[in-house]
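Student: Chains as they are written, first to last, in this note's numbering: chain E, 1 to 298; chain B, 299 to 589.
Treat the hints with care, since some could be wrong.
Stated by the list, open to error - Ranges between beta-carbon positions, derived for each pair: (1) B/Ser378 - E/Ile289: 53 to 63 Å; (2) E/Leu281 - B/Pro506: 44 to 54 Å; (3) B/Pro506 - E/Ile31: 48 to 58 Å; (4) E/Ala56 - B/Ile445: 20 to 30 Å; (5) E/Ala56 - B/Ile450: 47 to 57 Å; (6) E/Ser243 - B/Pro502: 51 to 61 Å; (7) B/Asn419 - E/Ala286: 37 to 47 Å; (8) B/Gln575 - E/Leu140: 46 to 56 Å; (9) E/Leu62 - B/Thr362: 48 to 58 Å; (10) B/Ile445 - E/Phe55: 39 to 49 Å; (11) B/Lys442 - E/Phe55: 16 to 26 Å; (12) B/Ile450 - E/Leu68: 53 to 63 Å; (13) E/Leu24 - B/Val325: 47 to 57 Å; (14) E/Ile289 - B/Asn419: 50 to 60 Å.
Claimed, not checked - Take a look, some chain E residues computed to stay more than 10 Å from chain B by CB distance: (15) Lys60; (16) Lys63; (17) Lys263.
Stated by the list, open to error - Calculated cross-link-like contacts (lysine-lysine; reagent style DSS-like; alpha-carbon spacing at most 27 Å): (18) B/Lys316 - B/Lys442; (19) E/Lys108 - B/Lys535; (20) E/Lys263 - B/Lys531.
Hint data in this document are derived by calculation from the structure and do not stem from the laboratory. For each residue, glycine too, the CB sits at the ideal point set by N, CA and C.
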Amino acid sequence: MKTKKNFLYSQKVAPYVFILPFILSFAVFWIYPLITAFTMSFQDIGPIKKEWIGFANYAKLLKDKVFLISVGNSAKYMFFTLVLLIPFPMLFAVLMDSNIVRAKGVWKAILYMPALTSVVISGTLFRLMFTEYKTGQMNLITQALGLGTYKWLKNGWSGMLALLILACWRWTGVNMLYFLSGLKAIDTSLYEAADIDGATARQKFLYVTLPLLKPTTIYVLTISVYAGLAMFLESYMLWAGNSSPNNIGLTIVGYLYKRGIEKNNMGYACAVGVVLLIVALIINFAQLILNGTFKKEE
Amino acid sequence: MENRRYSDLAHSPQRIIKSILGTGFFVIMCAIIAFPVLAGLLASFRPGTELIRRGLAIDLDPRTMTLANYKYLFGGNADSRKYFMWYRNSLLITLVSVLLTLLICYFVAYGLTMYDFKFRNFLFTLVIATMMVPFEILMLPMYKEIIAFNLIDTYTGVIITGVCNASTIFFFRQYLSGLPKDLLSAARIDGANEYFISIKIILPLAKPAFASMGILTAMGTWNAILWPLLVLKGAEKFTLPIGLNTLLTPYGNNYDVLIAGSMFGILPIFIIFLIFQKYIIDGMTAGAVKG
């Protein structure tokens, strides 16, 4: 017994004891499900038996119109969230960081507030604002402009607009805080040097701020790519369930949920998941290579 | 502290105008951002029929304002009992998740930071790798596992999959690597064992990291939807977001309880946020600066 105790207390063994929970969790809740997701995607999983069917699920996916719609929606959503939720929060952060803004703490707190709100609640509120009835805020605006009411959540472009406005509402403040902390890490003496050289505010932004914000930008870009491709709950709540007219709000994960949970077709749903993983990894690595992240280590 | 990033002229009229424009920009932006929540808050003081009739409106008409929704919510009726059962469930799951996540992730990060051993870098690479795969892809196989473990419809099933969180480990590791390692050797000379050092000497020094990660984990768990939605089946086990979601049915929405309950559900997180704002921002942005 004594030797056993000494063994556990030795400096050689202790780190493994500390890390053991991670190793277990990694094995049970990461590598095993990941491998299972791949193997299940090659199977037809019925209530009793499962059967190997090779690439049949994938072949079916390529011809599945609803799946292609969901990929299109997720891709569009991801693309526009990148366009809207990187440059604008960056500029807002630069403005917030300058000394012309007063009472900064108040604005930062309010801008962060949406991220604290559950999607169940924000989705419900946005559904009321985008309703097709006269009372919705969007229709109040169009009526004030003399355009009458519009069925926002029943048309493709306006449904996507609703999703994007919800995304901007939730994440503008969060991304701005990321950029703000990136700005705080930039050495102020660089700006002093730029001042001595007579640089304008625009030049300082382009040649000092932007290059030095790059690690933050890459971080925000990476999480935005994943969040955009894996978006599901926003759509689920905005349309009060996983079905929207003509699938205008259906995302890749929404389709995975529909096939796997609602229709209990796990094999096919896992194939959807594998495609999502491959797309996410390709985009992320392409982005990292384009940004030169791997070059430094050579 | 004076900010020298963007120099300007001191207290000139030009500067005052700039200041008004800059501050005004955020005033307008915050008004837009706050609108849905404020409108929801006002709606919670109106009967549900008003919400259907007039939608979300910023309108302080005292004739339509009433405390009836909140009276009903706290009234001890069937809906009220259901609501506070979900509230209690959410509190319980959040509390247990936060405690377990913090302790486990702290110890894992401690092991990865304080020792030099053969597989250290490899294991840390694995931690990073787990961040590269969206949870949604693992969701279905994990759901099958939870069924196989007989953990479906249990809180253990909801909590266990998330307690070893890669980004929390990452944050603790960042924090711990900033502490001097001499502390360990000094304590070892005094005869302290490895576990005593990790709990009694290093852990107290990592309190700010615990605060940051504790709050972020609490926020994430309190608002979690997807995984609890899969694991929890019985209405008496639901968490608050899942429960609120069931109030929306295709056959007439129970907006009275839904809106008042939603607003009261945001409350604990808002209070925590207002008190611990600094820690939240530190914890959230730790990964963003160093990359």
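Student: Give a verdict on every hint.
Tutor: Status of each hint after checking the structure:
The hinted range of 53 to 63 Å is satisfied by B/Ser378 and E/Ile289, whose Cβ atoms lie roughly 56 Å apart. Distance hint check: the CB atoms of E/Leu281 and B/Pro506 are about 34 Å apart, inconsistent with the given range 44 to 54 Å. The given range of 48 to 58 Å is broken by B/Pro506 and E/Ile31, whose C-beta atoms sit roughly 33 Å from each other. A C-beta distance of roughly 25 Å is found between E/Ala56 and B/Ile445, which places it inside the suggested range of 20 to 30 Å.
In this structure the supplied range 47 to 57 Å is violated for E/Ala56 paired with B/Ile450, their Cβ-Cβ distance being about 29 Å. A hinted range of 51 to 61 Å holds for the C-beta pair E/Ser243 and B/Pro502, which are about 52 Å apart. Checked against the hint of 37 to 47 Å, the pair B/Asn419 and E/Ala286 fails, with Cβ atoms roughly 26 Å apart. Range check, B/Gln575 to E/Leu140: about 34 Å between beta-carbon atoms, so the 46 to 56 Å window is missed.
Separation of E/Leu62 from B/Thr362 is about 55 Å and conforms to the stated range, judged on CB atoms against 48 to 58 Å. At roughly 27 Å, the beta carbons of B/Ile445 and E/Phe55 sit outside the given window of 39 to 49 Å. In this structure the hint that B/Lys442 and E/Phe55 lie 16 to 26 Å apart at CB holds, the actual value being about 22 Å. Taking 53 to 63 Å as the suggested C-beta distance range, the pair B/Ile450 and E/Leu68 does not conform, at roughly 33 Å.
Hint check: E/Leu24 to B/Val325, Cβ distance near 51 Å, so the stated range 47 to 57 Å holds. Checked against the hint of 50 to 60 Å, the pair E/Ile289 and B/Asn419 fails, with Cβ atoms roughly 22 Å apart. Every CB of chain B is more than 10 Å from the CB of E/Lys60 (nearest about 17 Å), matching its label as outside the interface. With a least CB separation of 22 Å from chain B, E/Lys63 remains clear of the 10 Å interface cut-off, as annotated.
Every C-beta of chain B lies more than 10 Å from that of E/Lys263, the closest at about 12 Å, which supports listing it as non-interface. Straight-line distance between C-alpha atoms of B/Lys316 and B/Lys442 comes to about 59 Å, which puts the hinted pair past the 27 Å bound. Restraint check: the Cα-Cα separation between E/Lys108 and B/Lys535 comes to about 36 Å, which exceeds 27 Å; the hinted pair is violated. With a CA separation close to 17 Å, the supplied pair E/Lys263 and B/Lys531 stays within the 27 Å bound.
Comparing the model with each earlier hint shows violations of hints 2, 3, 5, 7, 8, 10, 12, 14, 18 and 19; every other hint is respected.
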